[in-house]
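Kindly produce the complete structure, drawing on both the sequences and the hints.
The lines below spell out each chain.
There are 2 protein chains.
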Amino acid sequence: MAETEPLVIFMPSGKRGRFPPGTPVLTAARKLGVDLDSVCGGRGICSKCQVQPSFGEFSKHGVTSRPEALSDWNAVEERYKSKRGMIDGRRLGCQAQIMGDVVIDVPAESQVHKQVVRKRAEAREIVLDPCIRLYYVEVEEPDMHHPSGDLERLEKALAEQWDLAHVEGDLRTLQMLQPALRKGDWKVTCAVHVGNGLTPARIMHVWPGFHEGRIYGMAVDLGSTTIAAHLCDLQSGEVVASAGIMNPQIRFGEDLMSRVSYAMMNPGGASEMTVAVREALNALVGQIAAEAQIAPELIFEAVLVANPVMHHLVLGIDPVELGQAPFALATSDAMTLWAAELDLRLHPDARVYVLPCIAGHVGADAAAVALSEAPHKSDDLMLVVDVGTNAEILLGNRHQVLACSSPTGPAFEGAQISSGQRAAPGAIERVEIDPATKEPRFRVIGCELWSDQPGFAEATAATGITGICGSGIIEAIAEMRMAGLLDPGGLIGSAEQTGTWRCMPEGRTHAYLLHDGSAQGGPRIMVTQGDVRAIQLGKSALYAGARLLMDQMGVDSVDRVVLAGAFGAHISPKHAMVLGMIPDCPLDKVTSAGNAAGTGARIALLNSAARREIETVVRRIQKVETAVEPRFQEHFVAANHIPHASAPYPNLAAVVRLPETSFNASGGDGGRRKRRRAS
Amino acid sequence: MAETEPLVIFMPSGKRGRFPPGTPVLTAARKLGVDLDSVCGGRGICSKCQVQPSFGEFSKHGVTSRPEALSDWNAVEERYKSKRGMIDGRRLGCQAQIMGDVVIDVPAESQVHKQVVRKRAEAREIVLDPCIRLYYVEVEEPDMHHPSGDLERLEKALAEQWDLAHVEGDLRTLQMLQPALRKGDWKVTCAVHVGNGLTPARIMHVWPGFHEGRIYGMAVDLGSTTIAAHLCDLQSGEVVASAGIMNPQIRFGEDLMSRVSYAMMNPGGASEMTVAVREALNALVGQIAAEAQIAPELIFEAVLVANPVMHHLVLGIDPVELGQAPFALATSDAMTLWAAELDLRLHPDARVYVLPCIAGHVGADAAAVALSEAPHKSDDLMLVVDVGTNAEILLGNRHQVLACSSPTGPAFEGAQISSGQRAAPGAIERVEIDPATKEPRFRVIGCELWSDQPGFAEATAATGITGICGSGIIEAIAEMRMAGLLDPGGLIGSAEQTGTWRCMPEGRTHAYLLHDGSAQGGPRIMVTQGDVRAIQLGKSALYAGARLLMDQMGVDSVDRVVLAGAFGAHISPKHAMVLGMIPDCPLDKVTSAGNAAGTGARIALLNSAARREIETVVRRIQKVETAVEPRFQEHFVAANHIPHASAPYPNLAAVVRLPETSFNASGGDGGRRKRRRAS
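Sequence order for the protein chains is U and F.
In terms of the UniProt record's numbering, the first sequence is residues 1 to 679.
In terms of the UniProt record's numbering, the second sequence is residues 1 to 679.
Since the hints were made in silico from the structure, they are not lab data.
Don't take each hint at face value.
Which copy is meant is left open, so a pair is good if it fits within one copy or across any two.
With a cut-off of at most 27 Å between alpha-carbon atoms, the simulated BS3-like pairs for lysine-lysine come out as follows [stated by the list, open to error]:
{"id": "1", "residue 1": "LYS623", "residue 2": "LYS187"}
{"id": "2", "residue 1": "LYS623", "residue 2": "LYS156"}
{"id": "3", "residue 1": "LYS183", "residue 2": "LYS438"}
{"id": "4", "residue 1": "LYS574", "residue 2": "LYS83"}
In this text the structure is predicted, and so the values were computed from the model without any measurement.
Here it is in structure tokens:
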């Protein structure tokens, strides 16, 4: 590297080196390990290696970069620009040659490992590094005097031109290779699955010549109730379509355990459910491909996350062992399968990556949450709860991560609630109760107005006010507690005790009337004593699970709480804490991660290193089995109070004053349970 | 290893060592690296580790081996012997403990790497070391406090109990694992495919408890005309059934090139042929499984050898490129596929190993011949010819191996011969002509008598004498040459010239009447001038191919000739040499290898190291393309003479005196071709 040779400095990496005049920018970038993309290997075809030279004096770098520092535009660049267009000032890195000292910017879209934009600012970044990549190669023509197969010459080309050693070919690739090579005049583009270290890389598809089209991957979050998928462009990392579908297994049972029971009671029942969910996945593929206007055959890979029961059922494994101690998984490790093995109609050789399961109750969905929220990389002690019918709970930091699941029941999703309904237009989702007047106001899904604002009645006329969803019932009960309508034991007071006619007798207990739509032919929406009990059961389970992990770790508080799950996105941190769903924590440290399991699936789809990462992390996670832990019962009972019978909530107390009432003495039958324990 | 500890000497290996009293024989064997089998891992279940202690004074070894040198019979051995029986004097190696100095014989059937008996004495031995083996393991029960999957605990057991690291599981294994573990009380037997160094070992099947049954593999020689298979017990190496079936692709064309033409001329023609041959393979599977009285699902692996066109068609690859220069193979390397990828109905997760191809005309069948006959391991210079419609020729020794193919045409198989037929009962297979009387005698397939022996007519009454097969026509023509009925140019003399009425005019040439069955309503079987010409074309091609390889290697003679191919087994070396099919060579150095391609397939099935061996050897073999080599034409023309126009046949001359006649001057039109060249 002679001192007299031109100096090139790449930004933003700052990598620098001297090269003989005439060295193409791409060559220099590769030698310096600069992250500059190329699919065609520097042949001026793919335009992935676009760079932006900066000219001027760069005292910081000690160079002056002059326009003549790069070779003149050549015919390849002219042709490319005229045919496809190119941003002014940009050059093709494989064509522009370094003639003098120069500073070169590599725009984000020209980086191989570009960052994928995520909506949530606090979320970890996704660095694009997919398992399946496209490679353009020029293959030697056959020579009868040195006979070798088309595949072997292609493998040689991949090794020589892309440093890909030990690549194998799928049988179908072999079938398409022969015509593709000849049609492409011995130039082809290959889709290569890079393998996982244990298995070799494999060629999945071959197109004649340079392939302009895109290839796609699908991240699937297979839930008990809904199946959600994102379709991603594997070259840009962008989400090009999203779709969801109901899990048709619901007809075999609403919740996981009822499906396990179905499998136990009905010979062939597990297979029926396997067929049903695979059909639904194919329907989802059709839907998402239609939305993106692509053929399903362009989907080269799917990543699947699911709870253990869904995981087993989609794999065709009887889930019956998951319904009883010791909750033994058939397999816990990550798997790479052929889509065809799951009857999925994607690309015929598409692969499916299934994230590892953590334990019999803590599945690949929880692993995906761990991948997305990364407690194992956190300096703070993080509590991550994925709230659903079953809550998965992670507690940890970079030193240690613990996990458990807790049977919260369906109340948080609006089931088993007297006026409960799924989150859909017309459902009450936000509630406030005036502590002075005890009058409620609320918002319903599909309308931005509060119920006491002008125009609300008109705005909701179309949907009606049909019920109350999971986040709505949590807010309602928390507000009732703050307004003194509900005592710490969870008993709703009478009209007399609370001073509002809205607390009205219902059987031997009381209920709070949130909305009376009967005049408009709608329902009367009440929060009943039974509703409160259902939520108490769920929140106690959630808290007890978290508390058990805290015990195990020997801590009394956590630094941060992340609420995950589609429902978690809608829970108000303050109300969750008033209810005692989660341990006390500064309110501004309680955040929502949305569908973190789905995000984790997307990370695994777009970044192959993330797969190795979560496979390692899952092995390190310590599992705590709530079902047989006696302290879980103790924590559960203590957590029945709202927010809690004994745990202090100093952070909450600084923000909210909770009335210390007791409706027990004169309360109806609803207090029975509490009385027993309070005695 | 204290000097005072008992000394154990294992025979026949002679391996010896000292062990503390009470060490089980199996443990000692393992520590010393003695080849002693065990499937159950020393648990007294499988009885594979039977050994035979020898008692007495062994001055050669310097020990006295006394009966008390082994522990007494224990309950496990008693139970085993009473239930299953055991040869007297034998012990279970896992139960018998070493108490004093002892000499232990390991019988052949207790060795893991036992030798498989081969019928031919000269053939290389097959050492049993299959790719798929059974392992009995005891798996940890699930523990909810340390959750892991059933598969992961099975993998741990395989690693700990069998040193099998990085084993993966097929999805179907996973589906059967859960019930098998529970039914077997956490003891199972696994069938494991050991992988090939690049891909990890994989569990293919799991049985509850100790699996008594056997597993099988199938070696398939997929020929243009027939498909032959051997079914082998993968644990003993024995051939338990053999079967053959016609290749139904014959309806698309008799020979390879006509099938390639069919694929070229008919859109979808290649696929039609793929479907046909795969159906035939499945029929063959059914047939061979029925013969062995086993379920096809017990066939865990198939090994496939085929010429390049058959190879491509069965893989679903259009063979059209093989019909024209540069004869480019789609792939030449060995492949391990799933049987399901070829629509084969064996075990659902069965694998298919396809041997590598050598060149566009020299396929996996030739590779299998190389594996069986092993010219690359020979000190002598070996010529191996696999005689068929297309002959594959290998020439070499441990220093160098060359290969080519040569288009011999179908005459050697009895096709394009006036009275030709396939080798079947009623076909003339052996011929002798008395040099003095010019009278023939012959034998037909299905009868041990010569035609001039008493009882021949009666013995052949059922089959009749229907035609002449490939080996018959070769002997007939060679005998005619030796009896002076045929001149060196290949012209049949007239009755006048030869002195026998059996040489009779036929058109403008002559024919020799071998047998007249017309009185019995059978055919008149003649050897016509056209027959001679057809055989001349074939033998010239064969000789020219061999000669080309000899040129390439710079030699004028070979040390040994091996005739391979089903037909090669029936060719008489003397007659082959009289015809000039092969170069001169001591007659006792010309041997037949039978179906060497099939044998090679069987070796690859039973010995995994043989796969690596042939993959390496094939890369080293130098390919010679006859189709474009000008010297091939020269050699072909010179080889038209019988035995040859110029090459000396000193070894042959020492055994046979060939009359130097010429029927040319007065011969009919049949001499036209010869005259042209002789001028």
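Those earlier numbered hints the structure runs against, lowest number first: Hints 3 and 4 not satisfied by this model.
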